[in-house]
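This note's numbering puts the sequence shown at residues 8 to 231.
Some clues are possibly wrong.
[As the list claims (entries may be wrong)] Beta-carbon label-pair distances, calculated as ranges:
#1 Q88 - F146: 29 to 37 Å
#2 K99 - H230: 17 to 25 Å
#3 V23 - E142: 23 to 31 Å
#4 N164 - E142: 17 to 25 Å
#5 Q201 - Y147: 41 to 49 Å
#6 S77 - S140: 19 to 27 Å
#7 N97 - S216: 36 to 44 Å
#8 Y147 - E33: 22 to 30 Å
No lab work stands behind these hints, which were simulated from the structure alone.
Small disclaimer: the values here were computed from a predicted structure and weren't measured.
Backbone N, C-alpha and C define an ideal beta-carbon position, used for all residues, glycine too.
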Amino acid sequence: MFKSFAFTHPGHIRKVNEDSFYISDEKGLWIVCDGMGGHDEGNFASHLITDIFEQLELKGTLEEKISLMSKQLQVIHSILQNKVDKLGKNIKIGTTLMLLCIEGNRGVCIHSGDSRCYNLRGEVLSTVTKDHSIEIDDFYGYRKVLTSAISAPGDFNIEVTRFIVDPNDVYLLCSDGLYDNISSLTIKSSMEEQSLENGINKLKFNVLSSTADDNITAIMVAHK
8 MFKSFAFTHP GHIRKVNEDS FYISDEKGLW IVCDGMGGHD EGNFASHLIT
58 DIFEQLELKG TLEEKISLMS KQLQVIHSIL QNKVDKLGKN IKIGTTLMLL
108 CIEGNRGVCI HSGDSRCYNL RGEVLSTVTK DHSIEIDDFY GYRKVLTSAI
158 SAPGDFNIEV TRFIVDPNDV YLLCSDGLYD NISSLTIKSS MEEQSLENGI
208 NKLKFNVLSS TADDNITAIM VAHK
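Based on the provided sequences and hints, a complete structural model is requested.
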């Protein structure tokens, strides 16, 4: 069974942490969400996902679980849309999603937005998914813009990535507050630590030694 360690931190600039995470080694399910839309809205959206999935009972094959989780995410999108409709304001409420589910030697990532899932296999570090974001430089300056998220108003859009799991794999789920503030080399060396606890503590130390200008959440998953 894969095991995990996690941490979350508001960073050095923001007073509120809009990130949320959920870990269940028993279910083989791990989630990182990065809320957006301001304090109340961002917190609501990110915790809505993790709170609902904490109560969700996963049964059956991996494909049956994927179907169940996808339908649940559609329900969550509808809840966000209803909240926007009731507020009657020009607001946007949402969250990124990075979900990892492992069943035996098969895994799946369901994601929307720019939270990431890294994989360390042997000495090779890669990302399981591609960010749903673009970089632009316009009148307002250089910035990153999300191309999708679990959000309202807007269409429901998730990406499902299936893959084969190696028993020696190490996975890292994280919000952009982590990888924007430390190098891939630091991420790789942390994932190479002999224990998961040492690895997650190394990540935390390094990112909090940086400017840490955003909320930060990370989950490290492995057999270690």
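### Task
Against the earlier hints, flag every one the structure doesn't satisfy and list their numbers going up.
2, 8
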